[in-house]
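A.B. asks: Residue numbers (the UniProt record's numbering), protein chains in the order written: chain U, 1 to 341; chain H, 1 to 341.
These are computed hints drawn from the structure, not numbers from a lab.
Honestly, I wouldn't trust all of these hints.
One copy or two, it doesn't matter: identical chains are merged, so the pair holds either way.
Claimed, not checked - Under the rule of at most 25 angstroms between Cα atoms (straight-line distance), these lysine to any residue pairs were calculated in the SDA-like manner: (1) Lys-208 with Asp-285; (2) Lys-220 with Pro-91; (3) Lys-208 with Glu-282; (4) Lys-225 with Val-201; (5) Lys-51 with Val-332; (6) Lys-220 with Gly-257.
Note that this is a predicted model, so its numbers are computed, not measured.
Protein chains: 2
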Amino acid sequence: MTSTNIPQIHDTIRAVQWHGDRLRLLDQRLLPAEEKWIDCRDSESVYHAIKDLAVRGAPAIGIAAAWGVVLAALRGEPLEQALAHLRSARPTAVNLMWALDRMKARIAAGADTQALEREAKAIQDEDLAANRHMGELGAALIAPGSSVMTHCNTGSLATSGFGTALGVIRAGVSAGRIQQVYAGETRPWQQGARLTMWELVRDGIPAKLIADSAASHLMKSGEVKWVIVGADRIAANGDTANKIGTYQLAIAARHHGVKFMVVAPSSTVDMATASGDDIEIELRDSAELLSVAGRRTVVEGAQAWNPVFDVTPASLIDAIVTERGVIEQPTVEGMRAVFTA
Amino acid sequence: MTSTNIPQIHDTIRAVQWHGDRLRLLDQRLLPAEEKWIDCRDSESVYHAIKDLAVRGAPAIGIAAAWGVVLAALRGEPLEQALAHLRSARPTAVNLMWALDRMKARIAAGADTQALEREAKAIQDEDLAANRHMGELGAALIAPGSSVMTHCNTGSLATSGFGTALGVIRAGVSAGRIQQVYAGETRPWQQGARLTMWELVRDGIPAKLIADSAASHLMKSGEVKWVIVGADRIAANGDTANKIGTYQLAIAARHHGVKFMVVAPSSTVDMATASGDDIEIELRDSAELLSVAGRRTVVEGAQAWNPVFDVTPASLIDAIVTERGVIEQPTVEGMRAVFTA
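Using the sequences and the hints given, assemble the complete structure.
C.D. replies: Right under this line is the structure:
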């Protein structure tokens with residue numbers, strides 16, 4: 001299918017870049033106002049970039065952490081200590097643990113610094129290939145001419161490139177299957193407003209920003225056919241931890257007969273976690289809700305509750321798309337069929 | 001039931017004040033950072049205060065508009081023109097139309113300026129009395145020791161005083177029925193974050209702010225027993241227009257077995273509107289989503305969709321509380337039993 005109305009997808013953003021002796025990270029806290037790059041030259045600076053959200057998105061966190069181990073090796077840091085420290089940077093995304101386990105296995109196998117560098121590069125390259133493959137698999141599920149909704153940022157910024165949920169959207173737009181994208185703001189960090197809209201506008205994809213709480217009103221109109229989101233951890237039964245608000249979208253989608261798709265590389269699947277009940281949900285500082293753009297917006301003395309992830313039960317998910325294949329109506333058995341070696 | 005832990009409710013805020021020759025309005029756009037008062041001395045300035053959200057909240061809008069008519073009379077403005085202009089300030093809240101209809105009827109009956117002043121004062125006083133009565137009726141539905149959730153601002157700031165949904169919360173806290181309040185931020189205007197938290201902290205009510213999209217994650221814990229919201233218009237079948245996000249909360253509440261209460265004076269009920277499908281939903285400027293606190297947060301060229309109300313169908317509402325009584329599981333018949341004279 002070709003049409004002059006279908007935008008060209010450029011996909012030129014690479015937010016995590018290895019430069020031989022340093023890791024360059026696009027500081028996602030400042031976008032879209034400022035495109036500032038951070039150079040990390042040791043594992044400690046990578047730890048802080050992850051913890052303080054300069055780099056975010058489950059796959060990107062894993063890739064950055066792998067390069068953090070390479071930096072530790074280059075500088076002669078104690079590697080076990082670097083691994084443990086990087087692992088503690090954020091608790092919910094399993095890709096962080098997965099990437100560090102891969103690096104740890106290479107270290108245990110006696111890999112030298114060059115071999116560690118090759119392993120980190122493999123993690124990064126495999127992620128990009130997985131995203132392109134998932135894009136095709138996910139887009140194939142969507143009827144031509146659909147409008148879709150997404151949440152948070154799952155694009156090039158959150159991965160090695162192309163994106164997970166946003167990769168499906170890119171592929172779906174290229175194929176003429178998606179004609180309109182709605183992006184939720186994603187309070188409190190505004191990843192949808194700041195990052196996803198930045199990526200969509202750069203690619204010329206027809207997109208509108210909405211308040212997170214406008215999603216149900218939008219779905220009521222019948223225009224949206226799919227909600228497409230990423231994941232920070234997928235349990236063995238298909239329960240999916242993702243950005244706060246995802247669970248609420250899944251409930252609203254089911255209520256309106258809108259389909260719900262989770263897109264994530266297999267590194268996000270944690271078969272050692274039985275169900276969503278076993279996933280640790282990161283609570284962040286209430287200050288993130290009490291101030292906006294550095295300005296206090298809520299009265300002094302006020303308290304806030306700021307969980308930044310939630311768990312969507314598998315029963316509300318229509319399809320989990322990974323580079324190993326699509327699991328429709330996910331169950332323990334359906335997950336095991338794809339994810340047991 | 002008495003307990004030293006139950007906060008005293010002060011209820012000292014009066015955001016709409018008549019001073020004999022001018023209407024003083026607490027500018028709600030600047031709270032909580034600044035408590036600035038606006039003096040309106042003609043109907044045009046009242047029109048702008050309503051349109052530009054210096055005064056908001058369905059009952060408060062109606063009261064302010066009634067005083068706008070008094071100002072028009074005091075200044076010898078053409079009254080029909082003032083009525084029509086004020087009526088056009090905002091489309092969704094029916095209290096605006098209701099209050100102006102009351103003033104129009106008095107004008108048609110040949111009322112002088114003093115009589116119009118008495119009518120506006122009656123509208124304001126009746127609203128306060130209605131709120132206190134609704135507070136008792138609504139609180140009686142709540143089991144002792146409950147946690148509740150609310151959305152937007154429905155307190156003293158949104159009414160003549162005490163509040164509608166927040167009035168029920170005040171009464172419920174005083175009676176020991178409510179032990180904890182969760183307030184949604186209410187994007188994009190942050191009425192929950194800026195205004196409701198301000199009122200709750202002033203009254204010493206235990207309260208936590210949450211992101212709008214964290215509501216379902218909170219409900220999953222089982223702690224919240226009721227969602228309590230106000231209304232901008234209630235149709236003849238009980239369908240309720242209210243701040244964007246209300247509908248999404250109602251879906252989430254039903255999914256979790258949490259009860260859903262709408263609290264509004266009878267001036268909010270529009271028996272001439274058959275159902276929610278007939279209610280005009282105000283779309284506001286997309287700039288409200290593209291900037292935060294006056295600073296552009298979204299990339300240039302981005303579009304947004306900014307409906308500021310939505311409609312919750314009666315089927316998702318467990319109780320509509322008005323000063324004339326409580327309608328449980330609202331239907332056309334249940335509404336008609338209370339609202340047909």
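A.B. asks: Quick one: Lys-208 to Asp-285, C-alpha cut-off 25 angstroms, is that within a copy, between copies, both, or neither?
C.D. replies: The answer is between: 13 angstroms across copies meets 25 angstroms, while 29 angstroms in one copy does not.
A.B. asks: When Cα atoms must be at most 25 angstroms apart, do Lys-225 and Val-201 count as within-copy, between-copy, both, or neither?
C.D. replies: Within one copy only: 21 angstroms inside a chain, 42 angstroms across chains, cut-off 25 angstroms.
A.B. asks: Check Lys-220 against Pro-91 for me: Cα-Cα at most 25 angstroms, and say if that holds within a copy, between copies, both or neither.
C.D. replies: between (35 angstroms within a copy, 21 angstroms between copies)
A.B. asks: Since the copies are identical, ignore which copy is meant and state whether Lys-51 and Val-332 lie within 25 angstroms (CA to CA) inside a copy, between copies, both or neither.
C.D. replies: Neither. Shortest intra-copy (32 angstroms) and inter-copy (54 angstroms) distances fail the 25 angstroms Cα cut-off.
A.B. asks: How would you classify Lys-208 and Glu-282 at a CA-CA limit of 25 angstroms: within, between, both, or neither?
C.D. replies: Intra 29 angstroms, inter 17 angstroms, cutoff 25 angstroms: inter-copy only.
A.B. asks: How do Lys-220 and Gly-257 come out at 25 angstroms by Cα distance, when the copy is not named: within, between, both, or neither?
C.D. replies: Both ways: Lys-220 and Gly-257 sit 10 angstroms apart in one copy and 21 angstroms across, limit 25 angstroms.
When the structure is compared with the earlier hints, a violation turns up for hint 5 alone.
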